[in-house]
Amino acid sequence: MKLAEFIISPILAFIIGIFLMGLSRRIMARIHRRYGPPLMQPVIDLVKLFSQRTVSHGPIFDIGVILSLAGTIALILFIPFGGMCPLEASGGLLVILYIMLFAPLGLALSGGEGANPNISIGISRKFILSLGYEVPFILIVLAVMTYYHTISAVDVVKAQSSFHWALFSLPLFLPGLAYILIIPAMLGIRPFDLASAPQEISSGPMAEYGGKYLALAEIEHAFSIFITIALFVDMFLGGSGNVVYFFLKVLVVFIIGLLINAVFPRFRTEQAVKFLWKWPSVMALAGLVIVLAI
Amino acid sequence: MAERELELIFGPQHLGMVGNLSISLNVEGDTILSARVNPGYLHRGFEKLMEYRNWIQNFPLVCRINMIESEPVEMVYAMAVESLAGIEVPERAHYIRTMIQEMSRLSCHLTAAWAYTSILGFDTPAQWAMGDRDYLLDLFEELTGARVYHIYNMPGGVRRDLPEGFEDKLLAFLDAVAGRLPDYNSTFFENRLFFERASGIGKISAQDAVALGGTGQVLRGCGIKHDIRKLEPYAAYGDMDFEIPTREGGDAFSRVLVIRDEMVQSVSILKQCIEKMPSGKVYEKTPNPFKWKIPKGETYVRVESARGEFGLYLVSNGGNRPYRAHFKTPSFVHGLVILEKLLQGANIADVGNIMLSLYVIAPEIDR
Amino acid sequence: MTNNKTTTLKEAKGSILTPFKAIKYLFQKPHTLRYPFEAKEPSLRYRGFHLNDWEKCTGCGNCADICPNQAITMVKIEEIEAKPGRRNERPEIDYGRCCFCGLCVDICPPGSLRLSRDYIHIDHATNSFKYIARDEKTEAQSFVPADTYSVLNASLAHRKADYEGFVSDLNHCLFETERVHMPEVEAGERKLSFMEQVIGYNREEARKEAERCLECKLCEEACPAHMKISDYIDAIYEDKPDESMRKILEDNPLPSICGRICTRHCEKVCSVGIRGEALAIRWLKRYAADAVRDYKKAVEQAMPEPTGKKVAVIGAGPAGLSLAYFLRLRGHNITVYDALPAGGGTMLIGPPLYRLPREAIERDVSYIESLGVEFRFNTKVGEDVMFEDLLNEYDAVFIGIGTSKSRSTGIKNSDKCVLALDFLRQNKLGKGTKVSRRIIVIGGGNVAMDVARVALRQQNIQYPGEETEIKTVSLEDWDIMPASDDEIQEAKEEGVQFNPAWGPEEVVLDDEGNIKGLLCKKVKSVFDENGRFAPTFYEDQKMLLEGDMVIEAIGQAPDFSFIPEGLFKELKFTPRRKVDVDENGMTSIPKVFAGGDIVNTNLDAITAIADAKRAAQGIDNFLRKED
Amino acid sequence: MDKLVGLLKGIFKDTDGESLGKNRLRVTAPRGSVLAVLDYLKASGFYQLKSISCVDWMDENEFELVYHVASMESPLHLMVKTRIARDNATFPTAIPIFKNAGIFEREIHELFGVEFEGNPDLAPLFLENWKEIPPFRKDFNMREYVKETYDSIPSFEEYQWQKEN
Amino acid sequence: MDRNNLIKWLKEPKKMGNKYSLWAVYFSTACGVIEVPPVLTSRWDAERFGIIPVATPRQANLFLITGYVTTKTLKAIIRTYEQMAEPKYTIGFGSCPINGGMYWDSYNTIKHLDKYIPVDGWIAGCMPRPEAIFIGVTKLWGMIDKGLATGYIRYRENYDYYRGNQEKLFGSMEWPPLYTLKEGTNDG
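As they're listed, the protein sequences go chains F, X, A, B and L. Numbering follows this note's numbering, with no gaps: position 14 of the first sequence is 14. Numbering follows this note's numbering, with no gaps: position 185 of the second sequence is 185. Numbering follows this note's numbering, with no gaps: position 193 of the third sequence is 193. Numbering follows this note's numbering, with no gaps: position 141 of the fourth sequence is 141. Numbering follows this note's numbering, with no gaps: position 41 of the fifth sequence is 41.
Next comes chain F alone, as it looks inside the complex (with noise of 0.2 Å):
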């Protein structure tokens, strides 16, 4: 059982990604006014990428690419979703703070062979950035933690059952609330998308990417999407042990996070780094200060 887990739990989260990045499209599209690509459209791009003829940069270009992928899977199964939780045991949250740098290691390894100057810009921005949302997410997990006096996420989901959502329990409804804020910066969606930011400097790390390398990244970024949401869900919703019901929190929490990506231009570094440590840090400090006081 828990073998089959290891298989159907990335299966499923790269399912709902890929879902939710041909539904971020449409909904984005809706708000431009305009009908925009179908729901498979993220899939047809897989296919394409897949069968077209790649260049490659060197071995370490090939290696950053999969260590990214592989550490996002790698986190996909320290993620309780729907009942399953692979590695529920390890360690937890904790692990899951740690393996999340390896992503942009990961791409930070291969960009540096792509000899492109936009690369190497992309990927200060993406560090300066994680530095920014590093800060308040390690807050938001503290409080998490100490208020549920657990480093298991499986146990946080389980204390907030039948309906105890931290989310509107009072001392996290801040670092809920920061949480928020921070999932677009996570996400690497606007207003926080200076990393990739193709009108700056021609979409940053990704730059050299072509062919199956832009489609390893791609399937990265759809299970970061997952994985961002995810967490949300379990820390502050209640996460579920039921699949669809787990899948329709995610969905809520994701199309919330694109309304402010629809709504928003792109921040300069500073600006973000500065807006990221002064609103959502303030709040999840304000959280850990409260759950640390009662």
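These aren't lab readings, by the way, just hints derived from the structure by calculation. Some clues are possibly wrong.
[To be verified] Sample of chain X residues facing chain A (criterion: CB under 7 Å; computed from the structure):
1) Leu61
2) Glu142
3) Ile151
4) Arg159
5) Arg160
6) Ser186
7) Glu190
8) Asn191
9) Phe242
10) Lys276
11) Ser279
12) Pro287
Being a predicted model, the structure only gives us computed values, none of them experimental. Ideal Cβ placement from N, Cα and C applies to all residues, glycine included.
Dock chains X, A, B and L against the given chain F, drawing on the hints supplied.
Frame of chain F; chains X, A, B and L shown alone:
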């Protein structure tokens, strides 16, 4: 320091580059140390081509200097030829010209809105602006027979009279645009992030703006009330009642808001045009194009394009084709002098931001 | 738009919450046009691919000339028959060049070239972008009916039928459709004397008129003499009448005459004239001739080496004069014989003074004379000098006698009538005839008009202030009347009465033998089914036209009486009773050449000049071959 | 306008002014005094250099430089002209007077080949690897050049045909 | 998605993927680009067919050459084209790249684009309207289906010719050949 210095080529193949232009940036981290604009990707040698074509053959040619807003180019050419050949344009043609100038200003500003917002990564208003502009292109098509290159303001007047029911369609469009303005306001112009991104960026003092040859929004964004339409009214602008919007900031924010306010004024001018439109003929026949010779002489004419003063220095040596034509395009100075200056010390995230707030259009630089 | 709500922004720094208003569009229907599932028609004026009505297109090539991109080339189409004024060339458009500006539409004189609203052509082969535009009416395979049309396979060869977009508009076309008004003496004034009716252009007017020329050169093909019309008009536009004269004199030695009475084959085919008024080519030629005055000084004609050959020319009409001129310029010695006291031939007697003053003729003749052509006036060949002698004495003989004999109707009492040429000759060379108060002119041609109008003037001179009348009778009805429309119009203005479709039957005399009137019968038809002249009449419808003088102006015939009978037998004629000449202008008698009205059927000066030009070349070749 | 012409004539030798219709004034100055005229004009309120045009009068073997200057307040537009020799054309730069003159001079340098002394940046602006005479000169035969340069390159069909034969 | 489409997907996923996921390299080569933003934005919305602009040529497989090409741009175009991943498709817009168009006698624009890089389809017009661009894309689909959109293969196989022409125009080139050149045929 030298180690961390990177040379970054911005464009020509670049999502952030509207038009085919390239800027090489010397960057350190996110800061630009120096910038050098490298134009010429669109250089076709228009002024040379014009020397090979006769007065009428040049008329479809010149509008291609600026694909986004071809009207002012057609207009200066028509005005220059009229002034050299001494042609009087019928009154109605003046009004129609005013109308199409303002339509094209509106269309150009909407394009600018698209470009500017998408440079900021803000797709929503960008998509709206481009979508709304398309209805204007439909109107252009109705009036002139083409969406982009209208080839309509010809020496002697305009090429065809207004089609039936055109005024009503235009009015309907203007009302629709006016109805959409609150959306643009709330989503974009009143967006805090737009303020954050644009205010203080690309700041230029009024003195510098004048000394470096700035026109249009560059001056008006510094609080200088300068507009050829008022300074030296051409077409029917003398009869129109409008204001010159200005802002004091001198930064991208001010310039963009000036553009916005100008759209409001354009809508008002268009409505006045429809109201006051006189009847009569719209085209004073010019001599047969194969024989037409224009007496020796020279002239400089200028109009206020969407981006500033658009001028044409036209010399005739008495032949059937121009002896020399030289366009004074707003983007030439804005793009090659002011842009380079403003980019110094700017953040690389703001290259497109500054470039588009200066309203730089590459083909106009290259010609 | 002017209320505060929209013109001013609420907050200087903006807000972070208002942007969320945009989300309302999530719940609204998008405005996207779902092309190609939803189509959108291009506007009525759309400038798409070309259409060309081959029936209307004259192949003038103006579109190719105006195209700033040289996208249009004129391609020969074998299936079209070329004739003067209609070339068998049609424009081929290269869509690898075309910029869809529509200048070609605005310059197209017949308005045959239009732009359609089709604009989709996508292909991987660049050569498929060249296309000979042709109308949907004639080319079914390219143009499909609207119901079988599909945008998905639209191309140059798959287009909607009858889908016109940007079309020509005479108010906005690039050429001037209206002629510069030619000042004329008013009808009331001109009928009182023989003053020249047409005043002529002044410099400004001539330049303005010359400016209208599109230089398509259709006229040059239509002109029998193939004059370099565009060139001389261009020279007039450039304000260089001398240069213009030089161009004219290359092909036509009689600019002053032709500038007044030319039958204008050119203007009939003029591009501009298809939808507007044709260029006033004749008046421009007249302007050039009048502006120059002294041809010799203006042209500075270089004379070639004399050849020592001698050519005799019989008749100093347009044909004879031209032949003398052209041959003289080839270095031959020319002698011209004419029975009249001055040069000009038919021109001298035919066209009335108000149309062709004598000094105009003299100017042309004296120029030819100044080149060294010898004239023997008042010398009738056959009487004063024998034709055989000429044949012996000269290396070649040219007959350009024209039609000097008026035909008579031959009806009862027609001997009482006056013949047209006699009447005209007396009025031009002599003192003028005594006319009566009521005159009947038989004929509907230009000569009849001339006669009628001359007679009218004589009446006005001889009976000033009295009531007079002048009537014409012609077999032909209005629609087929051979006289030109201008002539008829002017005659009407001056007060000539017309009786078309009546045939003369008898000149009615009173008891004293004076003419009382002309009995006419109604014409049923003029031509038979083969188009030959064979009038039929309603014998029961008759009318008596009252008048006391009848002039017959029904046609002229040549007078070959000077040729000895033996030789005359050798002279071959065509079925239409014209002298048969070969491509060199030589008749069936060796050494004898012919031209002018006795050869061609156009019966006008310019054709005579063309004949002379051909004969001159022929004679020159003939003479040089002899050596 | 007349007053300005009078003033200019008074101060600078051989300088002439002529009105070209409404709000246009043509000032002709000899080579030596153009920059001084410009300086004077700037001091009297014509702050902005709009453009510099160059006209090639090949028949007279001269280039004509036209400085377009205007003030911000009045609609008057001045064209200050001077003629310079066409062979080895040189002219002092106007950068000390108008800061933006450099770019116009760079354009003229590229398209006409006029050397502006004192201008630090005369690098090619539009063209790359240009080997002919400057293209805007009247003796540059554009159509001939196009024929030689672009039409000499074989099309794909020609290449295939060549390969097969 | 109807059955036919499904079968096609199962049979030839590569082709179908390429067809319905055309990512255009965003390069405003010339004036024709003015009709591209309308196509991509809300009024016409090319994203319905999966067409989006992407930032770098590495990610793109559709190259819209929008209008006349100056020599300087041509260099950038070739560079961009060579960076794109195969299979890649090019569409030429308007008259100018076909036979010079408006600028047939300009000294700085090339007259026949297909002498320098392969072009899979041409759209007539100056400029091609959005509708024409859509139809152009459908035609490109048809060509991909039938295996006719093989410009990139032509480029690879006749690289001597293309590189030769490029060198003829530019003199020397700053970057090394993409494919190995056959010997002796370098002079085009």
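Outcome of the hint check:
no. : hint   : verdict
1   : Leu61  : holds (6 Å)
2   : Glu142 : holds (4 Å)
3   : Ile151 : holds (5 Å)
4   : Arg159 : holds (6 Å)
5   : Arg160 : holds (6 Å)
6   : Ser186 : holds (4 Å)
7   : Glu190 : holds (5 Å)
8   : Asn191 : holds (5 Å)
9   : Phe242 : violated (11 Å)
10  : Lys276 : violated (17 Å)
11  : Ser279 : violated (14 Å)
12  : Pro287 : holds (5 Å)
Violation of the numbered hints given earlier is confined to hints 9, 10, 11; the remaining hints are satisfied by the structure.
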